[in-house]
Amino acid sequence: MGVGDTIAAVATPPGEGGIGIIRVSGPDSIQIVERIFHGKKPLSQGRNREMQYGLIKDGEGQAIDEVLAVVMGAPRSYTREDVVEIHCHGGMAPLRRILELVLAGGARLAEPGEFTKRAFLNGRLDLSQAEAVMDVIRAHSDRGLQLAIDQLRGTLGRRVTALRGDLLGVLAELEARLDFPEEDIPLADRERTARILKECAARIADLLAGFKGGRALREGVRTVIVGRPNVGKSTLLNTLLGEDRAIVTSIPGTTRDVIEEVILIAGVPVRLVDTAGIRQGLDEAERLGVERSRQQAARADLILLVIDGSVPLEEEDWLLMGEAAGREAIVLINKGDLPQRTLPEDVKAHLPCAPLLKVSLKEGWGLDELKKTIYDQVVGQGLEGVMVANLRHAKALEEALAAVKGAAEALDRGLSDELICVDVRAALTALGKITGESVDGDLLDEIFSRFCLGK
Amino acid sequence: MVYDVIVIGGGHAGCEGALAASRLGCRTLMLTIKYEDIALMPCNPSLGGPGKGQLIRELDALGGEMARNIDQEYMQMRLLNRGKGPAVRALRAQADLAGYQRRMRRVVRSQADLEVAEGKVTDLYGGPPWIVETADGARYEGRCVIVATGTHLRAEIHRGDERFAPEGSSDLTTALERLGLRTIRLKTGTSPRVDGRTIDYSKMQIQPGEDLREGFSFDGELPRKRQAPCYLTYTTEATEALVLENLNRASLFSGAIVGVGPRYCPSIEIKMHRFAGRRQQVFIEPLGWQTPTVYLAGVSTSLPREIQEKLLATIPGLEKARITAFGYAIEYDSLEWGQLGSTLQIKDRDGLFFAGQINGTSGYEEAAVQGLIAGINAAAKVKGEEPLILGRDEAYIGVLIDDLVTKELDEPYRMLTARVEYRLSLRQDNADWRLMEVGHRRGLIDGERLARMQRRWEMVWAAKEHLEEAAVSPRQEVQEILTAAGTSPLAEPATLAEILRRQDVDYGLIVKLGGRPLPPEIAALVEVEVKYAGYLAKEKKAVERFRRLEGMMLPENWDYASITGLSQEAKEKLSRARPRSLGQAARIGGVSPADMSVLMVALHRERGMKS
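Residue numbers (numbering that gives the first Met the number 0), protein chains in the order written: chain A, 0 to 454; chain B, 0 to 610.
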C-alpha cells in the first residue's frame, strides 16, 4: 500500500513552552527541509538521527528561527518513511512560518491523524492498534469539522461561497454550450467571462493576503475582562501584563475607552480587552461601565468575569453572569484575602460550565492557576485546529488562484471552451476543499436552473 | 433446455445484450413483446450528440451494433460542436426509423446462437438457473438473465385527464419485488407527431445535413446517402399564453404524476412555466423515407389532446399541422439505487443482470452500451471469465455505470460530457485506441479490425514524434510562410510541434514547413494530440492519482456497520452501495475524507488478519 507523497504538520501541542516541533514525513522530506535549513553542512550530509544546529531561512534569505533539525531515515522512524523533525523556539509565529515554508517546498499538510495512519499502514504499529488509530482519526476530524463549520459562518465562508457562486456561473455557461450545442443559448461573451475571472482572481488574492499576515493568530484570542466597578479588573489586567514580559504588541483601542493588549500565555497569543480604563462621572460610570462590559463580552472569544468575593452578589453581577452563560468563560472570585460573602456555589448554580477560581489579586495568589485555566480554555477551543484549518484554506486558495489565472490566460489566448473549463473546474474543486462541496451536482443544478435546455 | 443467457426486451439494450452474448458463443434467447418493435425509437428519431456520440463510438470499439446500424440507415448526419475543441465534437444522426429497425431485426435474426421469441414476461424466479415465464404460458430456463425492459414496468401514460397503461405495460415489478428488489418511480415524456404534408416549411429555418467522411463506426468510410433536412421554428407569445392558461390541465401540474422527470428534457409546460417570456425552439425531425410523419422535438407535453392541437396552431408553420400521435408523459418503475453492481449484475443475485432504462437512464445510447456490457458480462459469467468493468478514466461507459452504482438518482440519467472528469482524454476520435483491444480480447473485435486500428494509431504516434523532433530555424522562407498564413514569425528555432500548438496553425501549414503529408483523419488526430498535449499531461497526472484509490479493492461483503470510527451516514450508505474499491467508496454521497482514512486503515487491518 504505497502512500506516496510527503506530509508535514506541527507535532507538538500548541503553545507548549519552549520548543515546537515540525514533523515532515515521506520520500521528499529530507530534500524539502534541506532547501530551507542552513547549518554547518547540508542536512542530508549529517549523520542519521543526530541533531544538527542551523537557521531556517525563507526564500529571500531572511532568517526565521534558530533550530535543531534531525533526520530519521526510513525505516527507522515513526512512520517508517524518511522523517525530518525541526525543533524550533516554539511560539505560534515561527512554527507557522516554518510550516508554511515546508509546504511551499512541496509537502502537503497532513490530514488529522495521518502520521499515525502512515505508521500503521507501513507496519509500524500492531494490528490490534488499528481500532485506536481509527478512533484518533475520527476524533481529530470531528474537531476539525466543527472548526471548519465555525469558520465558514464567518467572513471567509461568505466570501468563498460568493466566489464559488460566480465561478460556478462561468462554468455552467461554458458547459451548457458544450453539452447542448443546438440550444438557443446566447453566445458566450468571452470578454465578460474574462472580466469575471480576473475579478475572481483579485478577490482570491485579497483573501490570501489576509492569510499571509496570519491575522487571526497575531491578533490572538479575544479575551474580555468584565465585572462591576472596583472588583479588580484593572489590577487583573496590570498583573497579567506586568508578570508576563512577553508583551507582543499594544494595539490602541478603536475607541479611547477600551484598552487592548496582547500577551503570550505559554506561547498562545491572548488579546486582553479591558473596559476598566474609563474614568468618568461616578454614577454615570457605573451604569455605562456595566453596559460597555456587556457589549464587549458579546464579541469575546473568552470572557473573564471578575466578582468581588467580599460582598454578596449584586444585580450587575447577575446581569454579567447572564451574559457569560453558554459562552467560553472563566469566573474569578477576587479578594480571597478578605472574609468571603459570596460562595462559589452561588456562582456555580448559575454558571455550571465555567471554571471557577478563587484568587487574591492584591496578594498575588491564584494567578498561575488562572493562566493554566486560560491556556486550557483557549487550547480546548482548538487553536491548533484553527491554525491547521487556516493553512489548509490558504493552500486551497493558492490552488484556486493559480487555476483561475490559468483559465483567464487560456481565454486570452483564444483557447476553446472545453480547455477553459478544465481550469475553472480545478478552481472550484480547490474552493470546495474549504466549503466541503463538490463540483458535479452543483454544476448540473446551475446549468439547468440558468438555461432552458432539452428538446 | 437451459439457455446460457435470456434477454428480456428487444430495445436498444436488449439487442446489444443479446448480440454480444450470442457472438461470444452463448446460447441466447431474446424475448420481445412484439417482433416488429425491435430497436424501436419511441421518442426522437435521432442518435448521438455530445456525450451520447462518444458512447456510440465506444460501443463500436467494443464490438456493438448500434454504430454500424445507424451508419447504414441514417437520413441525416451532422458534426456538432465543430467550432469547439475535438474533445467535445460529436456526431448526430437522424435515423430512418423503419430502415434502422429493419436492419437491426435482420442482424438479430441472422445471428448464430441467438433465438428470438415473442412473449410478454410475467414472472422471473429461481436463480440460477433462472426461470422466465410469459403471458402465453411459455417457460424458459437460463443460466443468466438480462432484464432490459425499458419503461415497460407498471408503465402509465398521462395526458390531461387521460391515464392508461400502454400496450406492453407489464407487472414484472411484482416478480422483482418477490426477489427482494426495490424500485422507484420515474417519469419522462414525448412530443406529438404530425403529418409532414400539413406543415408549411416556408416559415421555418432549414437545417440540412453535412457531407461527412466518417460515421459512428470505425469500420471504414461512412456510406454517402441522400439526406433529409430538419427544420427549426419557434413558439410564440400565443403559445406561452395558451400553455400557462391550461397549465392545471397538464397531468404534470395537476398532481397526477408522482415520478420525477428529467431536467434536460423538460416538457413545454415546464419550459413556459419556469422560463416565461422566452420563445422556445421546435425542431421538425423526419421519421423516415417511407412515412410522411415527422417528430416535433421540443414540445414534449402532457396537455390534453385539444390543447395540443391548439398549441401547434400558435407555432409558425404548424398552424394547419395534423397530429397523428399525441404527446404524453409516461411514468414507470426503475431500479432503486444500491442494488446494481459495476458489472451490471444485481448484487447477490447470481446471473441476474439489468440494462437500460430500467436502471434509471434515459436515451437509446445509454441503454445500448449497458446492454453491451451486460451481454459481455453475462457471457463472462457463463464461461467463468473475469467480468468487464471500465473505469471512469477509460470510457464514458465507465462513467455512466459508475454513476449508476454510486449516485442516488433524482431524475432519469442522461450522459453529459460535463459528468466526465477526463473529458480531453476520452474523445470520440480515440475510442478505438482506448477500447478496441479490450473488444478484441473479449472476442467481439476480429484481428483485422484491430490491426486496422493499430496501423492508424502507429501513424499518429510516428507523426507526433516527428513533429516533436523536427525543428525549423527562423530562415526567411519559413518566416514568409508563417506570415502569409497570418501567424507570427519565429523569434528562435522551434520544433514543428511547438508551431502546431499555436491557436492559429493547422496541420496544413505544418506540411508546408516540412511536416509529412498525412490523410486528413490522421492529421486531425495528430493535431489534437499535439495541441492538447499540455492539458492531456495534466489529465494524465490526475488519472494516476485517481487510479491509486481505484486499485484498492474492498472486500465484497464487508460489514461496514462494525467498523469503528465510520460516521453513521457513511455506514448506511456503504452498506447499501457496497463499493468495489476505495475510489468508488469516495464517490458515494455522505462518505467524508475522514471516513476514507478510517476505511483505509480498516482495510489494512482486514488484509493483515487474512494473511
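If you're looking for bench data, these hints aren't it; they were derived computationally from the structure.
Please note: incorrect hints may appear among the correct ones.
[Stated by the list, open to error] If you want a taste of the chain A side facing chain B, the calculated C-beta under 7 Å gives, among others:
hint, residue
1, R123
2, P351
3, W364
4, E368
5, T372
6, G413
[Unchecked claim] Here chain A is said to cover these stretches of chain B; the calculated rule only asks that three of the stretch's residues, wherever they fall, bring their Cβ under 8 Å from a Cβ of chain A:
hint, segment
7, 36-43
8, 587-601
[Stated by the list, open to error] Straight line, CA to CA, 30 Å or less: simulated DSSO-like cross-link-like pairs of lysine-lysine:
hint, chain 1, residue 1, chain 2, residue 2
9, B, K570, A, K197
10, B, K319, A, K432
11, A, K197, B, K33
12, A, K197, A, K347
As the structure is a prediction and not an experimental result, all values here were calculated from the model.
Each residue gets a CB set at the ideal place from its N, CA and C atoms; glycine is no exception.
To see whether the hints hold, each was checked on the structure:
no.	hint	verdict
1	R123	violated, 12 Å
2	P351	violated, 30 Å
3	W364	violated, 44 Å
4	E368	violated, 36 Å
5	T372	violated, 31 Å
6	G413	holds, 5 Å
7	36-43	violated (count 1)
8	587-601	holds (count 8)
9	B/K570 / A/K197	violated, 43 Å
10	B/K319 / A/K432	violated, 57 Å
11	A/K197 / B/K33	violated, 60 Å
12	A/K197 / A/K347	violated, 56 Å
Of the numbered hints stated above, those contradicted by the structure are hints 1, 2, 3, 4, 5, 7, 9, 10, 11, 12, listed in ascending order.
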